Amino acid sequence: MKVIFDWLDDRSGYRNLLHEVLYEKVPGGARWRYVWGSCLTFAFFTQVVTGTLLWMFYSPSAQTAWESVYFLQYQVWGGWFLRGVHHYMAQAMIVLLVLHLMQVVIDGAYRAPRELNFWFGALMMGVTLALSLTGYLLPWDQKGYWATAVATNLMAEVPWIGPAIQKIVVGGVEYGHHTLTRFFALHAGVLPAMLVGLVVIHIYLFRKHGIHVKEPRPKRDSYFWPDQILKDAIACLAILLAVVGLTLYFRGAPLGPPADPANEFPARPEWYFLFLFQLLKYVPAFWGAVIIPAFLVLWIFAQPFIGATRPGHQLNIGFWWTLIAGSIALTLLAFAEDRANLRHAAAIEEAGWQADRVLSIVEDQGIPPAGAVTLLRKDPENRGRNLFAAHCASCHRYNGHDGRGYPVTDEQSAPELAGFASVEWITKLLTHKHYISAEYFGGTAFKDGTMARKVLAKYTPEETALLPDIARLLSDMAELPYQEALDDEERDELLALFYNDDSVFQDGLACIECHDIDSEEEGHAPDLTGYGSNEWTVAFIKNPEEERFYGDENDRMPCYGRDAKLTDEEIQILSNWIRAKPAE
Amino acid sequence: MNDSDQEDTSRRKFIRVATISASAACGLFPLAAGIPALLDPVTKSFGNAGNVPWSKVAPFVSLPEDGTPAKFEVVQEKVVDAWTTYKDVPVGAVYLTRREKDVVAFNLKCPHLGCAIDFRKQSNDYFCPCHNSSFALDGSITTENSPSPRPMDTMETKVEDGYVWIRFQHFRPNIPEKTPLS
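As you go down the protein sequences, you meet chains A and B in turn. Following our numbering, the numbering of the first sequence begins with 563 at its first residue and continues without gaps. Following our numbering, the numbering of the second sequence begins with 301 at its first residue and continues without gaps.
Among these hints, one or two may not hold up.
Computed cross-link-like contacts, EDC-like style, restricted to lysine to aspartate or glutamate with a CA-CA straight-line distance of at most 16 Å [as the list claims (entries may be wrong)]: (1) B:Lys356 with B:Asp340; (2) B:Lys313 with A:Asp789; (3) B:Lys371 with B:Asp340; (4) A:Lys1104 with A:Asp1125; (5) B:Lys378 with A:Asp789; (6) A:Lys770 with A:Glu925; (7) A:Lys1020 with A:Glu1001; (8) A:Lys770 with A:Glu582; (9) A:Lys843 with A:Asp926; (10) A:Lys587 with A:Asp789; (11) B:Lys378 with A:Asp926; (12) B:Lys387 with A:Asp926.
Derived from the structure by calculation, the hints contain no laboratory data. Just so you know, these numbers come straight off a predicted model, no measurement behind them.
Working from the sequences, and respecting the hints, build out all of it.
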């Protein structure tokens, strides 16, 4: 063995190099405050290795980016873990950057003769942030897509060349194949190569000037190996454990629903950019994109000179603490505002629903070549809730919301439709109190109509007790997928009640006097034949002014089919969707 | 050597071991995190060795009555490539030969190393232009010291409603046995 190593050393001189690397003098002994540089190197190394492995699974195009990440996350053995480590190590790296920067600033290590290295460090910070930004888009999910749109729009704020820069980075004006190929090339090629080069220069300059010793020195001098390396390695291990912990706890990195420009999503950057996001609520985009970054660059350049005097050094420390405190405050504010915003919470929940939904469709049908986003766009369940939100929810509600879970600000002026035509829903409808409430017809002219004033309000307690049976009969005609059908005998009994064969209802209060079931006559109130069934619901949405429904007594319900507001297919989807589930 | 020296030596030894172990753990971790994903393909079975679907290839009457081979592409109803599910895509090609009321199908791929085999009209045989394996019309090897270790690969066929159907498969190249890829 020794012979081989001797030969290798003779030809390469590796022992000298190793000695040079390991036996760097650490004046004042090894200290925990020196570990951050090594930790960052470790984090970057982890990103390069895990990133290269992720590369084996990733396919950058608008039809395959989300799909390949989905495959890695859910189909590849341990894929979720690999992706999770890369995701959380990226976040750890940002935290480490701040710690390293603050240690350098507080210790005064940025001053002469180490100015150059400080600037290089700042440059590396910029490259790392660019890596985060480009990596955020690559899964091509809603979150990355919408946030990146904001980030790249900021680029256009740069005077004269801004729009051109944006076009170059995006690969055009729309986000698509070329945005992904470019972001991927930046994220996996250009930026890491730059960072490797900068790390080499950074470490070279660090070695040239040696460690900046914080006085007083606690111990006698020692060497990098093994004392400082032990501390460095323990710190790296702690980071590693934290990253593994986060990965296991969250079961890997999140993957939202596939990017869709037609599917709104509240754009938010990753948490460490939230302060910038919040800042843009107060200052014009031009400030956020140009003035503040330009000021920071100049300030960082000037800091080593400002810090030459004691008050200047104090000013620098104060500046960074203020910046950090300000960023934390803005971040907390951003979180607090989102938390107080019900629409935001609903949007996040909706995205979660879509993410789960697309997974279950993929499991069922696989992903077509056109991409997973087409699955959601064609999905009747997803389309149903979106159609309801867009066309029905300004008057109706579904479980109190707009069908997707968003709160609605307009006042409810038409019935709640969750559980429409179910026994419970009709039973409530037939109760005077509910009939005239906002939940049913309180917001319509029917509140003061014959049914409310002259029928429901007049029922005796004995008659009222029969109404749930009427509800069972009507609901049976709806043939709802989640309700059991009545048997023939029961149906005949209930029909007899409807027709008031035994005169249990007083004159003028029996259903049959205004409504028809299975008869040719047109009573003046809606015909209830097949009430709530698919045929009935579709026909009703198409034209509520049809003679068998409201006729000329229709109160504001649009004729979606007659007036071509919705296609027949859309109306069918809506009918299926409304009738699919019981109320929550 | 006194006691304190000995203590110092064992302390130094402990530091060395601890440092090397911790560094090695950190250094190897990123790769280790990706090893399962990297090895994923060997943990799965591919192809359809277990349950080969029938693919409709061509009308029976389109095959020459004299038994001359004709080449057809095989279109499979559903093909899954990693994350994408394709419908009705060509997955390979076959030579079909009529044998009275039945059909014999040979995979176009040479059992040697997977080159595409030609049918030679002049000599009425099959010939692989890569490494010069040649086969008779019944698929048997006709070359001495044939590069191909086995005859051409046949697949199950049936004739139904006037159409030729086939259970199309690929096989492991360059071994004497016909083993489906999985």
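Hints, verified against the model:
The suggested pairing of Lys356 (chain B) with Asp340 (chain B) is violated, with an alpha-carbon distance near 33 Å, which exceeds 16 Å. For the suggested pair Lys313 (chain B) and Asp789 (chain A), the alpha carbons sit about 12 Å apart, so the restraint of at most 16 Å is met. For the hint pairing Lys371 (chain B) with Asp340 (chain B), the CA-to-CA distance comes to about 36 Å; that exceeds 16 Å, so the pair is violated. Between Lys1104 (chain A) and Asp1125 (chain A) the CA atoms are separated by roughly 8 Å; this keeps the pair inside 16 Å, and the hint holds.
Proximity of Lys378 (chain B) to Asp789 (chain A) is assessed by CA-CA distance (about 61 Å); at most 16 Å being required, the pair is judged violated. Our distance criterion of 16 Å between C-alpha atoms is broken by Lys770 (chain A) and Glu925 (chain A), whose separation comes to about 58 Å. Simply put, Lys1020 (chain A) and Glu1001 (chain A) have alpha-carbon atoms about 21 Å apart, too far for the 16 Å limit, and the pair is violated. A distance of roughly 12 Å separates the Cα atoms of Lys770 (chain A) and Glu582 (chain A); the hinted pair therefore holds under the 16 Å criterion.
At most 16 Å may separate the alpha-carbon atoms for a hinted pair to count; Lys843 (chain A) and Asp926 (chain A) exceed this at roughly 43 Å. Proposed proximity of Lys587 (chain A) and Asp789 (chain A) is supported: the alpha carbons are some 11 Å apart, at most 16 Å. Taken as a hint, the Lys378 (chain B) and Asp926 (chain A) pair is honoured in the structure, with Cα atoms around 14 Å apart against an allowance of 16 Å. Taking the CA atoms of Lys387 (chain B) and Asp926 (chain A), the gap is near 15 Å; set against the 16 Å cutoff, the hint holds.
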